[in-house]
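The task is simple: from the sequences and hints, build the whole structure.
So in this note's numbering the end of the sequence shown lands on 1180, straight run, no missing numbers.
Rather than coming from a laboratory, the hints here were simulated on the basis of the structure.
All C-beta atoms, glycine included, are put in the ideal place defined by N, C-alpha and C.
Any given hint could be a false lead.
Simulated crosslink set (SDA-like; lysine to any residue; CA at most 20 Å straight-line) [said to hold, decoys possible]: (1) 993 <-> 1179; (2) 983 <-> 1128; (3) 1010 <-> 1030.
Listed next, with one range per pair, are the computed distances between beta-carbon atoms [said to hold, decoys possible]: (4) 1027 <-> 1099: 33 to 41 Å; (5) 985 <-> 1160: 12 to 20 Å; (6) 1140 <-> 1003: 17 to 25 Å.
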Amino acid sequence: MKLILLGAPGAGKGTQAEIISQKLGIPTISTGNILRAAVKNGTPVGLQAKAYMEAGKLVPDEVIIGIIQERLAEPDCAGGYILDGVPRTIAQAEALEKAGINFDAVLSLEIADSVIEARMTGRRTCHGCGATYHIVAAPSKVEGVCDKCGGALEQRKDDQPETVKHRLEVYHQETEPLKNFYETRGILKTVPDAGGIEATNEAIMKLLGK
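Here is the structure:
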């Protein structure tokens, strides 16, 4: 089964991708990871990407799509895959189609902005060991102190209210139109917020007929 997970930053795409990957026995293809791997391995497309990155420029869509094509040609993708991180725009979705990369289903995780803001702005990360906490859902025993190593807990720049608001605005402007794009192709499946990781995953598996 070939899948895309759509959803705003903080909607839980990474967590759900991991669970679906285990249940269906298909790999999660994270564009960030494969981009780094292609650069490290010095593949032809990886070298192209490296040139852009070293010049401080964004890697263009055609290079990203080339790297995805390289990765999807590997044997572990023969039975399907979950694409995470691309497409982010209509242009990327069209480029994937043009490259002959098609999907069985596009899962859109629907979570209200207010819920995402509370989830992300409440996160705290240990400066020492990288452990993560949440001031409401999973607080440390002593406020501001890591349970594991005693390091100081801090709010990452990504989790600050202004950054979260900006990331959500970018998502609504650039990525959300993909829902309509895939709806017209008859493969969009909307996943309502079920209030928890397991309940949401159950809803996803039901939508996939699994």
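The hints, checked one at a time:
1. 993 <-> 1179: Holds. Residue 993 to residue 1179 sits at ~13 Å (cutoff 20 Å).
2. 983 <-> 1128: Holds: residue 983 and residue 1128 sit about 16 Å apart, inside 20 Å.
3. 1010 <-> 1030: holds, 18 Å
4. 1027 <-> 1099: 33 to 41 Å: holds, 34 Å
5. 985 <-> 1160: 12 to 20 Å: holds, 18 Å
6. 1140 <-> 1003: 17 to 25 Å: holds, 21 Å
Of the numbered hints given earlier, the model fails none.
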